[in-house]
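Chains as they are written, first to last, in the working numbering: chain A, 2 to 502; chain B, 71 to 434; chain C, 9 to 158.
Worth flagging that the hints you see were computed from the coordinates, not collected in a lab. Incorrect hints may have been included.
Label pairs and their computed distance ranges (CB to CB) [claimed, not checked]:
no. : chain 1 : residue 1 : chain 2 : residue 2 : range
1   : A       : N451      : C       : D38       : 48 to 56 Å
2   : C       : N15       : A       : S49       : 42 to 50 Å
3   : B       : R164      : A       : H316      : 55 to 63 Å
4   : A       : A280      : C       : N15       : 40 to 48 Å
5   : B       : E297      : A       : E133      : 23 to 31 Å
6   : C       : S46       : A       : S36       : 21 to 29 Å
Glycine residues also receive a C-beta, built at the ideal position from the N, C-alpha and C atoms.
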Amino acid sequence: MSINFIYPEYEVVRNEKRCIKCRACERQCANEVHSYDQEFDCMEAQESQCVDCQRCVTLCPTNALKIVKTNNRYRENANWQQQTMEEIFRQADTGGVLLSSMGTPKDYPNYFDKILINASQVTNPPIDPLREPMESKVFLGKKLNKLEFDENDELLSEIPPQIELEMPIMFSAMSYGSISENAHKSLARAATELGICYNTGEGGLNQDLYQYGANTIVQVASGRFGVHRDYLNAGAAIEIKMGQGAKPGIGGHLPGKKIQEKVSRTRMIPVGVDAISPAPHHDIYSIEDLRQLIFSLKEATNYKKPVIVKIAAVHNVAAIASGIARSGADIISIDGFRGGTGAAPTRIRDNVGIPIELALAAVDQRLRDEKIRNDVSIVVGGSIRNSADVVKAIALGADAVYIGTAALLALGCHLCRTCHTGKCNWGIATQREDLVKRLNPDIGSRRLVNLVSAWNHEIMEMMGGMGINSIEALKGNRLMLRGIGMSAKELEIFGIAHAGE
Amino acid sequence: MLKKEGEIRIPSGCAISGIINKTGECSINGSSIVKSIAHMHDRSNGLGGGFAGYGIYPEYADQYAFHVFYEDMTAREETERYLDRYFEMVNLSRIPTRKHPRIKDEPQIWRYFVNPIFTLLQEEQEEIDEKQFIVETVFHINTFIKGAYIFSSGKNMGVFKAVGFPEDVGEFYRLEEYDAYSWTAHGRYPTNTPGWWGGAHPFALLDYSIVHNGEISSYDANRRFIEMFDYKCNLQTDTEVITYIIDYLNRKQGLNYENIAKIIAAPFWEEIKRMPEAEAKRITLFRNTFASLLITGPFSIILGFNGGFMALNDRLKLRSMVTGEKDNIVYIASEECAIRAICPDIENIWAPQGGEPIIVRVNR
Amino acid sequence: MKRVYVNEEWCLGCHLCEIQCAFANSGETDMVKAFNNSEKKPISRITVEDGADDIHFAVSCRHCDTPWCVKGCITGALTVNDNGVVQIDETRCVGCRTCILMCPYGCLTVGHNKTLLKCELCVENAGGEPSCVQRCPNNAIVFEDRDGVL
């Protein structure tokens with residue numbers, strides 16, 4: 002055995018005075034960090050296993066625990082930082098591609114934080130949402146450019162299928178398999194209660210969840226897992242997943258150990274076999290192929306379901322979106338590069354794609370320039386962190402947003418970013434039954450409902466401040482935004498003025 | 071240096087007034103509307119006033135009447151060259167004005183009564199109908215000919231506007247020399263403009279004219295949507311975008327004014343829930359299809375058109391607006407005093423609810 | 009009556025209910041003190057049984073309608089109060105353990121002073137919801153009226 006170069010990243014700090022040796026930490030840690038030493042009557046910690054998921058910390062009844070980042074430092078410098086060196090040690094050890102989970106932790110500019118929102122003063126009254134009506138309902142789908150009526154004023158035009166949302170927020174695609182059944186149940190129930198949609202991701206739809214169909218978006222990805230006629234017809238809409246913000250150009254890989262009986266049945270693949278989604282759809286090598294898939298799905302569902310095409314935000318996203326808008330899609334969803342993932346190659350996650358703010362601004366403007374903005378709705382995701390991000394995204398031109406990471410945080414996720422190990426102590430990104438049961442959907446769905454309702458209240462407050470009393474008047478209303486600390490080029494892309502202008 | 075309309079967005083508060091004779095008889099002299107708006111002097115700040123009169127050009131009722139501001143001779147020459155190419159000019163002249171101590175820096179103000187030359191039209195732009203052609207001409211001249219600005223382009227109607235208090239503007243344009251079946255008026259209270267003649271209200275396109283009091287919060291959402299349909303919001307004012315929205319919904323979508331009101335000042339979802347099913351379905355469809363044409367924030371507008379006008383408040387009624395009636399004449403104004411000033415024994419005076427359109431059509 | 013029920017679907021086997029129960033009945037206001045400051049650790053009246061296949065189930069007194077423990081009690085220390093709660097009077101208990109033998113659920117245990125220790129639904133301390141119910145991290149323990157179902 003060679004030397005282990007890597008020093009444990011975290012230290013378990015236990016206040017011995019407060020520890021009552023109840024061993025809850027030991028029982029709750031799937032990484033087997035904690036153990037009880039009979040001889041010395043004390044708790045021990047195997048720190049190299051710790052991923053800082055905070056499960057033990059939150060459950061410790063006496064607050065005797067904390068996890069801190071080790072202050073053991075290599076001789077790092079500005080160019081060769083500890084993380085960089087560690088990754089090299091790791092690859093030298095294993096010869097493998099580095100894997101990571103969740104969105105990139107790198108310090109790229111977050112443009113949402115460089116955008117400020119307007120409010121009314123004097124010339125226009127702010128509106129108090131507690132006293133006046135304030136509306137956040139949105140419809141997603143293609144809008145007709147002309148409504149035709151007959152001589153009796155009866156509508157002749159056929160209205161394309163729409164998704165109706167009580168607020169402009171949806172839960173983004175996270176597959177059954179990558180997350181647990183209880184996580185899915187929590188999302189489905191919360192979406193139903195909130196009048197919004199959650200998204201199955203590419204792993205098919207568990208039989209027990211068909212009852213939430215009206216609030217479900219079913220996804221069709223390159224692996225085609227769990228896709229059949231009933232599945233396609235089960236939801237409110239169908240999403241074709243072409244790419245994912247965290248790993249543009251890369252497929253998916255769900256390890257066989259996560260494919261237990263129920264996941265296997267839902268995905269329609271054997272137990273224990275790796276589920277591999279190819280990087281491309283092998284029947285879509287170009288835009289005209291995409292059109293065929295869109296219409297195949299529409300045929301299969303009798304033109305009753307809007308079709309969403311989800312793409313990763315990449316450099317030429319505006320042109321791609323324009324192509325998609327002309328291919329029969331009803332909704333385009335764009336996933337920014339800070340978006341989460343159950344597992345992605347680290348280098349891809351941290352270096353490929355562009356921030357969602359820029360992609361959104363470019364796509365919305367491009368579709369308007371081409372006069373086809375009405376043909377599609379735009380949904381954006383990829384690190385929408387709070388209600389202000391939602392307001393800014395909508396003012397930039399989005400119809401609605403997807404939240405994934407924020408939803409998981411509501412369920413208990415502490416962003417330890419080790420989903421790929423399958424040992425999620427919070428019962429979210431795991432299929433181990435003893436861990437899955439840690440997430441009680443009664444609690445999970447309530448927390449999600451709380452979160453999204455809270456955001457919706459805040460969105461209404463901000464809209465009221467702007468003197469806007471319905472969300473449609475916020476959509477694309479870039480005059481309500483100002484940049485702060487942005488270059489002229491950045492402002493130009495966002496189509497907004499600088500603060501003070 | 072202060073930026074003028076078109077270079078920056080300028081919010082403003084205002085006064086509006088409107089009079090219409092339901093019989094369609096051109097019985098209302100311009101001096102009445104001037105008197106009415108003058109009573110709301112304090113709602114303007116001298117940076118803009120204007121009027122729109124309908125039925126004022128009976129002798130040229132079939133021609134489009136272009137009212138144009140020119141900053142210099144070159145602009146006029148270039149514009150006339152352009153008009154000459156596409157239009158038959160039936161009459162052209164300066165618009166008669168009188169010297170006024172408080173109206174300064176006036177541009178050259180010209181009026182043209184024109185017919186589009188159809189042979190030319192068909193050759194060059196087969197599919198464009200006449201009105202669309204007029205709209206494009208107006209956009210072309212206002213966008214590309216420096217120093218020229220067409221501020222009125224309808225048939226048998228005309229807009230008169232200037233920088234100044236509205237009562238002074240009325241005197242300046244000698245409005246007592248015009249009789250109309252319908253007048254609207256506007257006094258402007260902009261917050262930060264040097265005052266530009268073209269930026270005064272009413273704003274007009276074809277025979278639609280708008281006077282507006284308020285500051286809409288949905289401006290950029292509305293603007294960015296309507297610009298997809300070949301409108302150019304050069305002035306960046308609320309009135310301009312509202313005019314385009316109405317032109318789009320009425321002329322291009324073929325929707326009547328009742329429906330237009332339901333789109334731009336849409337009923338709340340709570341109200342829609344309580345409507346009969348068919349009505350609820352229809353309004354829902356409107357709110358969905360024309361979501362980006364919902365106008366929020368305070369506004370009261372009077373939309374003039376050939377044969378009538380429509381007054382409308384925002385759906386929360388954030389601006390004052392009252393209406394009353396007497397002997398076939400309907401009055402609408404920001405304040406009751408402006409009505410009583412010209413009709414002391416007004417009857418049925420009331421304040422319409424937010425989002426409730428007052429549509430008056432003349433019998434002809 | 010309202011009873012404590014456990015849903016094994018959600019019971020994680022974290023045993024925190026035991027800690028909370030023991031603390032709630034310890035008379036201390038600080039948990040660290042309750043556990044670390046005395047020779048004798050407080051004893052819980054609820055016990056999590058850990059079975060094979062990751063089945064966990066917290067067991068506590070069912071407060072039976074006709075409790076055998078009360079029938080078997082040789083000193084009258086066990087009684088049913090007006091609310092149906094089976095209570096123990098420590099001063100009368102002689103520690104004969106007949107009740108423990110009688111209990112079909114195995115819910116009863118003995119305290120440090122050799123007298124019977126049993127769940128009294130926290131009527132003697134916090135009040136309101138039993139502590140195990142309040143503090144269960146996964147809502148596996150609930151306090152509900154299920155029409156007499158034990």
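TODO: Mind listing which of the numbered hints don't hold for this structure, in increasing order?
DONE: 1, 2
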